[in-house]
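Based on the sequences and whatever the hints tell you, model everything.
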Amino acid sequence: MAVAVEGGEKWFRTCDVTGFKVDLRAEKIARLNAVMAVVSLLIAVIAALLLVLTRWQLFHVLPVDWYYRVLTLHGLDALVFWIIFFELAALTFTSTAFLNTRMSSPFAGWAGTVLAIVGWLLVNYTILTGNADVLMTSYAPLKAHPLFYLGMILFAVGALVIVTTFFANLMIWRRENPGQSLPLFVYGLMAAAIIAVITIVSGAIIYIPTFLWSLGIIKDIDPGVYKLIWWGLGHPSQQINVAAHVSVWYLITFLATGGTSINEKISRFAFILYIVAINVASAHHLLVDPAVSPVWKVWNTSYVMYLAVFASMIHAFAVPSAIESAQRRRGFTKGLFEWLKAAPWGNPAFSGMWLSMIIFGFIGGITGVVNGMEQTNIIVHNTLSVPGHFKGAVVGGTALTFMAVTYYLIPLLFRKKIAFYGLAKFVPWIFGIGIAILAVSMYILGAFGVPRRHWDITFSGGPFTYTFNPVTDFFWALFGLGGILAVIGALLWILQVVVSVFFGKPFNGPQDLQIPIAEPPPPAKEEEDKFAAPGTFTLVLLFMVAFIIFVALNYGWLSAMWEVK
Amino acid sequence: MSEERKTPFLQLVFDDFILLLFIGVAVYAISYLIWGLIELAWLPPIPPEIKQALLGR
Ligand code: HEM
Ligand SMILES: [Cu+2]
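If you read the protein sequences in the order shown, they are chains Y and P. Taking our numbering, the leading residue of the first sequence gets 81, the next gets one more, and so forth. Taking our numbering, the leading residue of the second sequence gets 12, the next gets one more, and so forth.
No lab work stands behind these hints, which were simulated from the structure alone. Here the structure is a predicted model, which means the values were calculated and not measured. All clues stand as given, with none of them false.
Here are the computed distance ranges between Cβ atoms for each label pair:
id: 1; chain 1: P; residue 1: Glu60; chain 2: Y; residue 2: Ile458; range: 25 to 35 Å
id: 2; chain 1: Y; residue 1: Thr545; chain 2: P; residue 2: Lys62; range: 27 to 37 Å
id: 3; chain 1: P; residue 1: Phe20; chain 2: Y; residue 2: Arg410; range: 36 to 46 Å
Think about it this way: if two alpha-carbon atoms lie no more than 35 Å apart in a straight line, the pair counts; the simulated DSBU-like pairs of lysine-lysine are:
id: 4; chain 1: Y; residue 1: Lys223; chain 2: P; residue 2: Lys62
id: 5; chain 1: P; residue 1: Lys17; chain 2: Y; residue 2: Lys605
id: 6; chain 1: Y; residue 1: Lys299; chain 2: P; residue 2: Lys62
id: 7; chain 1: Y; residue 1: Lys108; chain 2: Y; residue 2: Lys585
C-beta atoms are modelled at their ideal positions from N, C-alpha and C, and glycine is treated no differently.
Here is the structure:
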């Protein structure tokens, strides 16, 4: 397809694998953002190892001030920088290459990237020099150096500029293709970009006054107001991730199995539910705060938010059923699960995606709904169960998905062959299993009352001491094992990416493709259509049973807390 | 142009990302942010005796 745009063809290359026209100016911006993401992940993973070896009291390597410093570093580099840089790369690349359009404003793209990088430098610098020991949440009245807040603001503004170019790219596309709908994958990223606007604007609303406060220009920051607005940044940023990684699931499903959603309209509707309903769930971070009313809490964390849970259930059905239906059309129809057994397990993007769906659903999702309920929240509040939950959601879900899709990005975005491709088969498993073990053991430790963000749970030298149930020793060992496995997995992945991108062999065309791209499956025969995805249906039932058991257990524990013996 | 009129209404809504952006921002701003801030603003200030006792000065 010839696309008539100003500037002609010199901005473009045609991808010899996908046939997409790739705007080279967008490609460069996307590459730099992706590299920044990987660098941030490397910092976060080194920090993670130190944290694991500190919380596990057997080693307890870091002194107290460095524990909090490294925890701040880990939280921001992992949760904010790695993830958001990756998303900025994805938004830039897909809104041009996937739509065969041009980059609306390369200047804005570069300006945003540079701002974000300067912000990243300031934040990392202030943390490492001991000027920002305030943890990721930086709750006032904890005060960091002004450059820390300035860094956060610059990063947010840079990200907002790039998100704006994303919408401008979509508008160019719409002008060139009137009356068409976005492809589902890009549609999901559009939802992510909308949520990103909400997130970033909240971030600006809170960080600008906090910056002025750190300079002494504003006298006071109300801690309650701070917390309310900060979570308008902290929580929706996770929902950017969910929308983005679900979109990537649809993409990998298509690339690795040729499957497409069996009902695209419903999948789109589910993304709209995210846009509308998922952000108010920020309120679950204030469930034990006395200042806001129960009506506000319950309205925002249940009635509205369950629409978003419903949306996730739709995707949880739509993605596996897309795979199942494609596989069944290829003839893998025996029993409930032949399609799954015959899935392309040797493809690291596929195995990574499947693992991330299981971990996100069964660990991140189930614990999330329980932690987010007013009643059961009280038994996990500020315990290690909370990071246990989001290790399942954002690490097992988002991070693992992004790692998986990178195996496609190395040839298609960076035009390099994947180094040590044989290793790729194992990396998602090492990382995924490590994170699953880590998340579950953190969750259980939390159930025994182990606090999060706590340097020394032996409370040595403290006025009060407490001895945890000795069973926790076992779960600490498990925690260490899972953490170290995950660190190894992440480091292997980083090694592969860095060697491929900076020292790898160039990718010269389809003959160099190591990771397979599936042919579309044959069209469905009439009689097979009667129940397109019985296997997926069974998996969803299994999920529901696990969910009900877990909720029931939690209400049991809740009532046991108040039992008088 | 006659083609555009045939597009179903729901699809027009689904495809209008600027409209969706406004809806998303509005629901969040009203249900979470503004409502929450109003509740915080209505809180009576902490009585000075209690504040002193808590801060120990
Ligand atoms: C490589 C594997 C990883 C390991 C072993 C790991 C381990 C840990 C540990 C031990 C903590 C400290 C909990 C505490 O003391 O309260 C922690 C906190 C945290 N992790 Fe990770 N992590 C990993 C990757 C990630 C990734 C990829 C993300 C984000 C995408 C992430 C996000 C966070 C966040 C947000 C916190 C909470 C920080 C805070 O409480 O301020 N982690 N992690
Ligand atoms: Cu949240």
